[in-house]
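Novice: For reference, the chains in residue letters:
Protein chains: 2
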Amino acid sequence: MTIKGFRFSAVEAAIKKPGRLDLALIFSDVPAQVAAVFTTNKVQAAPVMLSRDRAKNGSARAVLVNSGNANACTGDQGMRDALSCGRRTAEILGLPDEELLIASTGVIGQQLPMDRFRAGIQPLVDGLGSSTLDDVAAAIMTTDTFAKIERRTGQAGGVSYQIEGVAKGAGMIQPNMATMLSFLVTDAAIEPALLKSAFGEAVEGSFNAITVDGDMSTNDTALLIANGAAGNPTIKTGTPEAAQFVDLLQEIMLSLAKQIVKDGEGATKFVTVKVRGAASNADAKKAALAVANSLLVKTAFFGQDANWGRIIAALGYSGAQLEQGRVEISFDDVVMAKDGIFAGGNAEAAGTEVLKKPEFTVAIDLHLGAGEGAVYTSDLSYDYVRINADYRT
Amino acid sequence: MTIKGFRFSAVEAAIKKPGRLDLALIFSDVPAQVAAVFTTNKVQAAPVMLSRDRAKNGSARAVLVNSGNANACTGDQGMRDALSCGRRTAEILGLPDEELLIASTGVIGQQLPMDRFRAGIQPLVDGLGSSTLDDVAAAIMTTDTFAKIERRTGQAGGVSYQIEGVAKGAGMIQPNMATMLSFLVTDAAIEPALLKSAFGEAVEGSFNAITVDGDMSTNDTALLIANGAAGNPTIKTGTPEAAQFVDLLQEIMLSLAKQIVKDGEGATKFVTVKVRGAASNADAKKAALAVANSLLVKTAFFGQDANWGRIIAALGYSGAQLEQGRVEISFDDVVMAKDGIFAGGNAEAAGTEVLKKPEFTVAIDLHLGAGEGAVYTSDLSYDYVRINADYRT
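If you're matching them up, the sequences are chains Y and D in order.
Just so you know, we're using my numbering here: the first sequence kicks off at 1 and counts up by one.
Just so you know, we're using my numbering here: the second sequence kicks off at 1 and counts up by one.
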């Protein structure tokens with residue numbers, strides 16, 4: 001089914017270079033609510049500062065997004081430019097400035113090419129309805145190798161509604177948001193407080209549970225816009241309809257998050273790091289992140305080397321509570337270490353077979369408590385180095 | 001000059017494979033004091049647990065060290081083996097067990113090859129005096145490509161004394177000790193409290209100020225043994241002789257630390273990250289470490305890409321207090337960013353020239369306070385990935 005009351009547009013503005021879509025617009029035909037999360041980096045791009053402020057009142061009708069330039073570390077000029085592009089777009093759309101949010105991704109520290117950006121705005125607005133959300137997904141890519149999109153259909157009071165989302169990632173992916181943009185739209189009618197809590201919960205289990213290189217960007221932005229155009233009875237907290245909405249949203253966001261990791265710069269493996277038996281859920285996530293971010297662990301994944309010693313070493317410095325004599329580590333269902341020492345037997349050969357697969361799980365049991373958590377990550381390959389050594393050239 | 005009252009030995013015991021020195025002994029002919037620091041990883045190798053305990057009383061006569069096997073995550077068997085090797089060595093040397101410290105480096109999670117280790121002990125003790133500290137430096141290497149050694153001569157009360165040290169590093173190098181072993185010996189007579197404080201201070205400014213990949217090992221050990229055999233009047237706290245001793249010790253340890261970074265796995269650049277103007281010295285170090293550990297920054301160094309945006313992004317998530325509009329970043333004397341934005345002019349070209357050099361400094365001024373600190377690091381190259389993907393094979 002088609003999402004109601006939203007129109008999309010994407011054009012080529014040659015922000016960084018010509019030859020690709022790099023300017024996109026998401027527009028709701030009717031007033032809409034927004035839930036938003038932004039980078040926690042203390043260095044923040046102009047569009048992040050601006051959109052954070054505008055999203056606070058909980059309503060937004062449009063999102064203007066460009067790739068090719070992050071408009072970060074661009075000072076007063078960068079803020080003036082963001083305001084100016086936003087004002088021009090809002091003007092043509094007939095919206096108050098505050099109803100339009102802005103996001104940018106690309107190189108840090110260069111001023112926006114304002115002539116080209118401004119020239120793109122009229123065609124962008126004119127194109128509303130002739131592009132799809134897939135075009136938006138394509139326009140926000142930077143070093144991404146494929147567009148990331150996911151859709152689900154839900155039901156409330158006998159009325160179908162749609163949730164759809166796009167994301168871009170590829171590098172600088174680390175919990176608490178990274179150079180990651182994600183825009184989600186739904187035509188469901190839903191209580192504002194529920195929209196906000198559902199989004200926060202889904203972010204924690206998806207975008208805040210992935211890591212490619214441990215770097216955290218200046219531009220991360222995730223937005224969920226709900227316009228109620230499906231005409232369903234408003235979904236209320238505590239109902240089965242609310243539970244379904246939350247589930248569908250989480251499915252979409254987890255799928256987008258996993259797509260980001262799979263498209264991690266140079267990634268050849270998709271690895272789920274699951275920790276249980278931790279003293280707390282927070283400890284479990286801390287432990288999983290230390291493993292997922294360890295260069296020695298990630299290069300061992302790339303080398304298909306069943307080197308569980310690097311994993312236990314990472315657990316040891318993770319900051320999570322731990323007794324080394326209790327730690328258990330498995331690759332899929334192959335137990336590599338038990339009671340903190342090598343499990344022996346056929347583990348080395350069987351574990352190596354697991355690591356040859358493109359996707360596997362590192363399952364860790366700290367045997368301390370009931371805390372659990374999962375993090376999704378990639379390996380570290382020659383190509384990660386190549387891509388990032390060459391990114392600006 | 002030659003250090004007095006110490007003898008060294010190094011033999012081939014084929015711990016991991018034949019063809020290289022891998023078992024070493026440092027021995028003081030007379031009673032000696034020791035200052036020691038160990039990994040803060042919660043997962044600790046058997047020799048670390050054992051030596052930490054033995055070093056507590058402040059005296060030690062000998063250090064037994066092997067490469068090729070870390071004896072980490074080896075459980076009760078590993079501890080029994082460490083105790084047994086230590087006992088056998090102490091027995092032949094005629095020492096109480098507690099006067100001998102043990103250190104190991106190599107692969108985690110495999111039991112020591114006890115037959116070969118034990119067979120090496122008698123030749124090792126027999127060889128005392130026929131090997132040099134350079135042989136010890138060679139015997140403790142793992143993926144190191146060169147042996148790391150440094151020496152200084154001091155004077156106290158008209159008597160010359162010697163300080164000498166060796167280290168191994170290469171991978172898993174991260175502050176608060178990493179798979180880093182360092183053994184320092186001096187024939188100076190020195191007050192125990194001064195020995196301890198001088199060592200702690202020097203560790204903070206050297207081994208705890210280097211990072212290659214952010215991983216922290218299970219086996220880090222640094223020891224300073226002082227036997228007083230030079231015959232100088234005991235160096236006392238607060239004297240010019242004490243200041244000289246501290247200076248020389250710091251010179252040696254900083255030199256060893258820098259050698260470790262230069263030999264970082266796959267390193268092609270030696271980079272000093274200096275932060276000043278921070279809210280505190282602790283904040284300065286935190287900021288410098290975030291920059292030094294950022295994969296995006298390190299791959300940009302490898303790519304000789306003057307991408308200061310990645311540096312300011314790392315500062316932003318470092319946890320250090322920061323106002324983005326005040327940040328100044330220079331490559332050597334080329335100002336790349338001022339007031340948080342690109343410095344303009346010729347900075348891009350001039351900064352790129354700096355990054356083409358094998359050694360350069362990233363100087364950061366947060367313009368907030370009087371805090372300052374420095375961290376030494378390397379770039380991240382294809383070879384880092386190659387070495388660590390293949391380490392065990």
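Worth flagging that the hints you see were computed from the coordinates, not collected in a lab.
Just so you know, not all the hints are guaranteed correct.
As the list claims (entries may be wrong) - Subject to a maximum C-alpha distance of 27 angstroms in a straight line, what follows is the list of computed BS3-like cross-link-like pairs (lysine-lysine):
1. D:Lys42 <-> Y:Lys286
2. Y:Lys16 <-> D:Lys356
3. Y:Lys262 <-> Y:Lys286
Novice: Sort out which numbered hints this structure fails and list those numbers smallest first.
Specialist: Of the numbered hints, all hold.
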